[in-house]
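Participant: Top to bottom, those sequences are chains P and X.
Take this note's numbering: the last position of the first sequence gets the number 240, and nothing is skipped along the way.
Take this note's numbering: the last position of the second sequence gets the number 1645, and nothing is skipped along the way.
None of these hints come from the bench; they were simulated from the model.
Since no wrong hints were added, every one of them can be taken at face value.
Chain X regions said to be covered by chain P (calculated; three or more residues, Cβ under 8 Å):
| hint | stretch |
| --- | --- |
| 1 | 1259–1271 |
| 2 | 1315–1325 |
| 3 | 1374–1387 |
These stretches of chain P come out as covered by chain X in the derived footprint (C-beta under 8 Å, 3 or more residues):
| hint | stretch |
| --- | --- |
| 4 | 20–29 |
| 5 | 32–42 |
| 6 | 54–66 |
| 7 | 101–111 |
| 8 | 215–229 |
Since the model is a prediction, treat every value here as computed from it, not as a measurement.
Virtual Cβ for every residue (Gly too), placed ideally from N, Cα, C.
Here is how the chains run, residue by residue.
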Amino acid sequence: MSSPVVMPTIAAGSGRHRITFATSRTLAYLSVLELGKVWERTLRRGGVPLKYSQGFNPRPRMHFAAPLPVGCGCSADLLDLSLDEPRTSKALCDAIAGVMPQNLVVLDIAPVDIHARSLSELLQEAEYSVWLQQTGEAELAETVAAFLKKDEILMPKRGRKYRGRFYDLRPLVKSLTLEPATPLPWLGLRVRVMARPGATGRPDELLRALGLADRPRRSTRTRLILDGEGPPPEAVADGD
Amino acid sequence: MSIDTTHPTHRIGAIQGSGPVVWERIEALLHRVIKPGRYVGGEYNSVHKAWDATDLHICLAFPDLYDLGMSNFALMILYDVLNRQPDLLAHRTYLPAPDMIAAMREAGLPLYALESYQPVSTFDILAISTAYEQLYANSLELMDLAGIPIRSANRDVTTPLVIGGGHGTFNPEPIADFFDVFVIGEAEDAILELTGTFQTTRHTSRDEQLRALAQIPGLYVPRFYTPVYAVGGGISDLTVADPALPTTIEKRLMPALPATPVAQLVPNVSTVHNRAIIEIHRGCTRGCRFCQAGAVTRPIRERPVDEIVASAEAVVQQTGYEELALLSLSSADHTGIDTLIRQLIDQFEGRHVSISLPSLHIDSFSVELAEMLSGGRHSGFTFAPEAGSDAMRHRINKDISTEALLSVAEEVFARGWRTIKLYFMIGLPAETDEDMEAIIELSHQVRQIGNRIGGRKAEVHVSVSTFVPKPDTVFQWEPLVDEETVERRQRILKQGIRGRGLKLSWNAYSATKLETLLTRGDRRLGALVERAWQLGARFDAWDEWCNQDAWNQAIAELPSEELRAAFPSARALLDHQLYRRRQPDERLPWDHLQTGVEKRFLLQDYRRSLSGELLTDCREECHACGILHHYRDLQTEEWRCPVLS
Ligand code: SF4
Chain P
1 MSSPVVMPTI AAGSGRHRIT FATSRTLAYL SVLELGKVWE RTLRRGGVPL
51 KYSQGFNPRP RMHFAAPLPV GCGCSADLLD LSLDEPRTSK ALCDAIAGVM
101 PQNLVVLDIA PVDIHARSLS ELLQEAEYSV WLQQTGEAEL AETVAAFLKK
151 DEILMPKRGR KYRGRFYDLR PLVKSLTLEP ATPLPWLGLR VRVMARPGAT
201 GRPDELLRAL GLADRPRRST RTRLILDGEG PPPEAVADGD
Chain X
1001 MSIDTTHPTH RIGAIQGSGP VVWERIEALL HRVIKPGRYV GGEYNSVHKA
1051 WDATDLHICL AFPDLYDLGM SNFALMILYD VLNRQPDLLA HRTYLPAPDM
1101 IAAMREAGLP LYALESYQPV STFDILAIST AYEQLYANSL ELMDLAGIPI
1151 RSANRDVTTP LVIGGGHGTF NPEPIADFFD VFVIGEAEDA ILELTGTFQT
1201 TRHTSRDEQL RALAQIPGLY VPRFYTPVYA VGGGISDLTV ADPALPTTIE
1251 KRLMPALPAT PVAQLVPNVS TVHNRAIIEI HRGCTRGCRF CQAGAVTRPI
1301 RERPVDEIVA SAEAVVQQTG YEELALLSLS SADHTGIDTL IRQLIDQFEG
1351 RHVSISLPSL HIDSFSVELA EMLSGGRHSG FTFAPEAGSD AMRHRINKDI
1401 STEALLSVAE EVFARGWRTI KLYFMIGLPA ETDEDMEAII ELSHQVRQIG
1451 NRIGGRKAEV HVSVSTFVPK PDTVFQWEPL VDEETVERRQ RILKQGIRGR
1501 GLKLSWNAYS ATKLETLLTR GDRRLGALVE RAWQLGARFD AWDEWCNQDA
1551 WNQAIAELPS EELRAAFPSA RALLDHQLYR RRQPDERLPW DHLQTGVEKR
1601 FLLQDYRRSL SGELLTDCRE ECHACGILHH YRDLQTEEWR CPVLS
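Chain P on its own, in the form it takes in the complex (with noise of 0.2 Å):
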C-alpha cells in the first residue's frame, strides 16, 4: 500500500486513483456491471467522495481496465477512479478497510496523474489461470499441442448481429502453458491472451477451441500488462 511520505496539508492528496484489487470466489461470478456497483457501494460505504458524470442520469467516474468474464477472478485488476476532493491513498485505504465485502481484496492504491492515459488505453494483455476438474492429463497436454500447432482457429463471433461470423482465435493467444501438477484433482492452464479493443482473447473462448467448455473449472485472471510493462520473463514464448 502507497503511504505519504511527506506533505501532510489539507489539500493533500490526488483525484485520482489506481486501485490494485483481488476477487474471488462469491465475487468470481459477477458481471462487470455488477462488479461495478459492488465497488460503488463499497465506495459509498467508506465516504469516498467519488465524482460522477453531469446529466440526468449521473454514473461515477470509475473506470475498470478490462471487464472480468462471469466466472473469473482476479488477483491483480486495475480500477481507476476519480473524486470530487483529492485524498491521500492512504486515506482512502482507510476509508474502505472497514466496509469490504466478502471476497474483495486491495493489493495496492496509488494516486495516478488526472491526464494520464486511461487504463483501457493502455492495456495490452491479459494473463489467465485456469482449473479444470474431470480432465485427464494426457488428454489436456495433448489439446494444447494440437492447439499450438495450428496457424488458424476460427470461431464464430458471439452476439446475434455478428451470427454466421468468424473470428480467429489463434494470433490472440500469445503463450498457453499446463501449470505444475498439484496434489488436487484439478490441472491448470496458463493462458496470455491479447487484450486490446477488438482483439480480445477469452479464456472461456479458448477453452471452446480446446473442447473443455463442458469442464467444471476455476479461473482467475492473473496480470493485465500495460502498455510500457514488459512481458514477464517466464511467460515469453511458449505460443509465439
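The hints should help you fit chain X with the ligand onto chain P, whose structure is shown.
Facilitator: Okay, now just chain X with the ligand, sitting in the frame of chain P:
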C-alpha cells in the same frame, strides 16, 4: 394418492449429511448455469454466526428466484429480528432457476443455505414465504430439492419444522397439507415465541411440539383443524382436535412498526428491486373493495418522520445503496410525507442517493411529491384508476372522478412526463361490455391531453388485469368472471386501444384462473397442488417456465378420493371453487382465520357497493370495521384509528 417414483426425490434424500456442502461441489456446477452469482451468497451484511455455537438454526426461504426473493422486505425484517437473538441463527435460501435445479439434481446436491452452504434439511426450522399463490408449487419443489418430505404428515422431528407466512396464509387451505404451522398476520413477535417454544419442546414428538405451538396466538397448525364437508360440496363445519385449542385464529398485529433493519443485505448480482427500503407506514384505510392487502394489514401504523430520517442515514451508510425506497401501500397517505421528503432531499443532497416513492395516488399532491423526487428525470407516471367510469369506481370504492383524473393527467404531462401508465381491472362485479368503452374512452382522453401538451412523444400504456375475488375483501363472495366474457372484453379493448401513443397489455386468463383457484380453494385442493407439481408445475409467475398443462391435467384427473367423491367432474370442481356466488351465511374455507375486519362489516360494505355508494377513508371517520374492537389493547400513538374512551 399415488407417489411418482420416477421423481428424483429419493436420490437427494440419500446423500444428506450434517456438514455443509463443500464449495467445490457447488463451484463444479456454476459454469453450466445462467447468472451463477445467485447461488454463491457472500452478500454484504449477511450474517455468519458459528453453526455449532447457536442453539437453533432457522432457514428463511423465498420459493422463487434469488432476484425476486432478495427484494422481499418481510424476509429481510425476519432475518434481522432472528439474528439479533444470540442463541439463534437465521440463514437464507431461494429456489434456483430450472437450469440450476437440473444441475443440482443430476449431481445429487441438496438445496443449501447461502451463508453457510449448510443443507436446508439440517436446519431446525424452514420458514417459507407464502406471500402469493404463484409460490405454492415452488414451495413443494423447494422442499423436495432440500430432500424434505413435502407432506407434513410424512415429517417428524428428524426433519425441519416447515412454517409458512405472508398474505397467502389468510387462506392457506390449498397448501395446508404441506406446512406444519402458518403464522397468521405479522410475524415479527410471533416468530420469536415460536422459536422459544420450539427450543423447549424439541425433545418431544413432532405432534406434541405442534400442540404446544398451536397454543401461541396467531399460529395455525392445520393438522388439528379438519373441515367437514356438506353434501353440496361446501364446508359445514370445522372440527378441532383438542378442546384446549382455539376454534378461530386471530391474526398477529404489531402494536407499533418494528425497528427498521439497518444493516440490510446488499446483493452482489442484480436483483428486481436492488435498493434500500424503509417501511414508512403499514396498513391502508382507503377501503378499495377488491384489495386484500388493504384489508388484511389494518390498522394504519405510521412511523414518525424523525425516526425515518435517522434510519435513512444509517441504512445508506451501512449498505452504500444508491437508492432508498419508502415502502407502504399508499405513500402519500403518511401524514408527514411532505416534511419527510423535503428532509430526505436535503439530507442526501450531492450524495448521489435517489429516493423513490412507490404507490402514489392520483392527485396533485402526489404529482408534486413525484416532481420533488424526480431530479429532473421524468420516465413514466403510474395511475391506477382500476375502472373506466365513475359509476364503476364508486362500486369498487375508488374515490377518483374522471374529471379529476384528467386534470391530474394534464398536470403530469405539463411537468414534463411523457408517459402515463394506466392500470385497469376487468371482470369486476356487475361489469358489462359498456364498461370497456369507458376504459377505451378514458385512455384516449389521457392520450389526447398528452398530445396536446407533450406533442407526438406522449404515450399512454394501458395495463389490464382480471379481477380476482380475494378472501377477506368486500368482494370475497363474488364469483370469478368466466373465460368467454374475459376474452370478449379483452378483444373489445384490443380493438379500441390502439394507434400512435397507445399501448395495451393484459393478463392471460389461465393465470387468473389458477390464482383464483389457489386463493379461494379449500383443503381438498392440496391433492391437486401436489399432483400438478408432480406433473411439472412450477414457476407459475414466469411465462417462460410456467406449465399450464400440468395444472390442467391435475384438475382433469381429480387426483384424490375426496375430490372425486365431492365433484362428479373437473367442471363441477371449478364451478364450485370459482364460478359460483357464495352465500352470505355460507362457511368460507378461511372463516376460522381472522383479520380483525369483521364479516359483518364486509357484508355491509358489499351492500353499499351494490348501490354504488362510496365509503370514506376511515382516517376521517371510523367505520367500525372491527380492528379497534379486537385489538384495542394494542393501540399505540402510531395508529391512525381514533382513540376510543
Ligand atoms: S377501526 Fe375504524 S379507523 Fe380503525 S381501521 Fe377500522 S374502520 Fe378504520
